[in-house]
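Novice: Listed below are the residues making up each chain.
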Amino acid sequence: MSMQLATLRDLSVLYRSGSTTRPALASVNLDIVAGERLAIIGESGSGKSTLALALAGLLPDNAERTGQIAWPGLGRPPVPGGDIGFVFQDPGSSLNPVLRIGEQIAEVARRHLGLGWRAAHGRALELLARVRIPQPKAALAAYAHELSGGQRQRVAIASAIAAGPRLLIADEPTSALDMVVQAEIVALLDELVRADGMTLLFITHDIALASGFADRLAVFSDARLVEAGTSAEVLARPQNAYTRHLIGSHIDLATPPLIAGATQ
Amino acid sequence: MNAPLLAASGISKTFAGKGRRVAALDKASISVARGQTLGLVGPSGSGKSTLARILMRLVEPDAGRIDFDGTDLLALSGEALRTTRKRIQMVFQDPLAAFNPRATVAGALADPLRVHGLLGRRQRPAAIAALLERVGLDPGLASRAIHEISGGQRQRVAIARALATRPDLIVLDEAVSALDVSVRGRILELLVELQRKEGIAYVFVSHDLAVVRAIAHSIAIMDAGTIVERGPTPDVVANPQSATGRALVAAVPRLVVGKSD
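As they're listed, the protein sequences go chains A and B. Going letter by letter, the first sequence gives residues 1 to 264 in the numbering used here. Going letter by letter, the second sequence gives residues 1 to 261 in the numbering used here.
Be a bit skeptical, because a hint or two may be false.
Pairwise CB distance ranges, derived in the manner of DEER restraints [as the list claims (entries may be wrong)]:
| hint | chain 1 | residue 1 | chain 2 | residue 2 | range |
| --- | --- | --- | --- | --- | --- |
| 1 | A | Thr66 | B | Val257 | 33 to 39 Å |
| 2 | B | Ser182 | A | Leu113 | 55 to 61 Å |
| 3 | B | Ser182 | A | Glu191 | 28 to 34 Å |
| 4 | B | His147 | A | Tyr143 | 33 to 39 Å |
| 5 | B | Asp111 | A | Tyr15 | 33 to 39 Å |
| 6 | B | Ala127 | A | Glu146 | 47 to 53 Å |
| 7 | A | Leu58 | B | Lys197 | 21 to 27 Å |
| 8 | A | Leu113 | B | Ser31 | 54 to 60 Å |
| 9 | A | Tyr15 | B | Glu60 | 43 to 49 Å |
| 10 | A | Ala119 | B | Ser31 | 57 to 63 Å |
| 11 | A | Asp61 | B | Arg144 | 29 to 35 Å |
| 12 | B | Arg254 | A | Asn62 | 37 to 43 Å |
| 13 | B | Ala63 | A | Pro97 | 45 to 51 Å |
Derived from the structure by calculation, the hints contain no laboratory data. Remember, predicted model here, so these are calculated numbers, not experimental data. Quick reminder that beta carbons are idealized off the backbone N, C-alpha and C, glycines included.
This is chain A alone, in the form it adopts within the complex (with noise of 0.2 Å):
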């Protein structure tokens, strides 16, 4: 039988402004398996990024939280940064632009892994090659502004994975990047934890994607989750008609053109 990492009892977050509240979350149940590679699959307002924050424990202020997220899979509370890495969608906004890409790793591996600055700086550098950062030497000493928007993803990666984190939360990391480098940051996330043994929850509303590698699937959709299952089961037979609508609204180079006679 296989282990659970997390578990989410009756999950509910409310967002609070002034006198009004907004649900985020409204009662779920999902289980994270060790080792999985569990896809959240939403639209905007569906609670998804709801979901990473609370696991994270990175709420804001303003949200009120009910039910129970257990961590049987640790047997302690998770510490944010260490048992958990985070990427966001906009590495830009996540990355410390005034410090150089070396030191922000560095910095990761030395308060959670308790090394010097010697060791933390030799680990940066060898996650800066293990991401694929053309020149990673280079990278250390390097600014955020100065890379690619795909290159620093690649660093925020690297910072995420730096304490070697049991659960990696990618939530959208591609959405803010071409398809072309969307397809390297997927198949290099999917290559990290299968090679370290993580637990991958990747956030996304591009149910395709998901599908091309996560294990499970699990579809929010006005803050409940409406469906979960394996990849393939939630694919060919869908029980929810929100994940029926998001599997036809989905646009391939299978997808019959809109228009008619595409020569002329």
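Here the structure of chain A is known, so what remains is to put chain B in place on it, guided by the hints.
Specialist: Just chain B now, kept in the frame of chain A:
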């Protein structure tokens, strides 16, 4: 074949960067047939948005020529430019950034009518209602603020605003990229329907080859400021000749039913 509605040839543009000059476009040439869609596809930084802005004359090229319906577009200025520019409109990726968020829908649609002197004040409410209906929106939305309506509704308003001057060509720069997938399909259907009914041509700029394939009659693929490949959509997608074209085809996520491991 008829003369194209728009033909841009040898368009070059260099931006001055930090101590160096960056070639954004190097002798790029494209043509757009009347009432048809040209998909302009390429990775980030390939120059596709710069080329789109040059077609709008939001950016002036260093070299090249643009013929628009028999007129030398780059030679126009003053009143002649204003008259021709009405016939080319643009829709951007983020409709919230394209509008004053506090403006009402009616206000956003009245702007182009007023700027181009198209209608008197008294006819405007009816014209605005008609524009909203053409993009599938309830005319009752006119009094709502831009920030109150959904992303999909906002992009419909942006399209309505582009339609206000009865253009022959609309340049759409990543116009569906920020939308939820379920909304995206309906906006694409709207664009196709408007083209079929009103004969509008589009330049559809996107990094997503699959979306471009769904609505473009022909495709031009850009990389590093040059057009690396162009042709009818089915040919380019089925048999890409350039490395960039092959990479774009390979990068399209496919629904994988039954994952092989």
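Novice: Does 28 to 34 Å hold as the CB distance between B:Ser182 and A:Glu191, or does it fail?
Specialist: The hinted range 28 to 34 Å holds for B:Ser182 and A:Glu191, with Cβ atoms some 31 Å apart.
Novice: So the hint says 29 to 35 Å: do the beta-carbon atoms of A:Asp61 and B:Arg144 match that?
Specialist: holds (31 Å)
Novice: How does the Cβ-Cβ distance of A:Leu113 and B:Ser31 compare with 54 to 60 Å: does it lie in that range?
Specialist: holds (58 Å)
Novice: Do the Cβ positions of A:Tyr15 and B:Glu60 conform to the proposed distance bound of 43 to 49 Å?
Specialist: Holds - the Cβ-Cβ distance for A:Tyr15 and B:Glu60, about 46 Å, lies within 43 to 49 Å.
Novice: Honestly, do A:Leu58 and B:Lys197 meet the 21 to 27 Å range at C-beta?
Specialist: At 49 Å between Cβs, range violated.
Novice: Per the hint of 37 to 43 Å, is the separation of the Cβ atoms of B:Arg254 and A:Asn62 within bounds?
Specialist: holds (40 Å)
Novice: Does the Cβ-Cβ separation between B:His147 and A:Tyr143 fall within 33 to 39 Å?
Specialist: holds (34 Å)
Novice: Return holds or violated for the Cβ distance of B:Ala63 and A:Pro97 against the range 45 to 51 Å.
Specialist: violated (36 Å)
Novice: For the range 47 to 53 Å, tell me whether the beta carbons of B:Ala127 and A:Glu146 fit it or not.
Specialist: At 50 Å between Cβs, range holds.
Novice: Given a hint of 33 to 39 Å, does the C-beta separation of B:Asp111 and A:Tyr15 actually sit inside it?
Specialist: holds (34 Å)
Novice: Is the hinted range of 57 to 63 Å satisfied by the C-beta distance from A:Ala119 to B:Ser31?
Specialist: holds (60 Å)
Novice: State, for the Cβ atoms of B:Ser182 and A:Leu113, whether the hinted interval 55 to 61 Å holds or is violated.
Specialist: Taking Cβ atoms as reference, B:Ser182 and A:Leu113 lie about 43 Å apart, which means the hint is violated.
This entry does not satisfy hints 2, 7, 13, going by the numbered hints stated previously.
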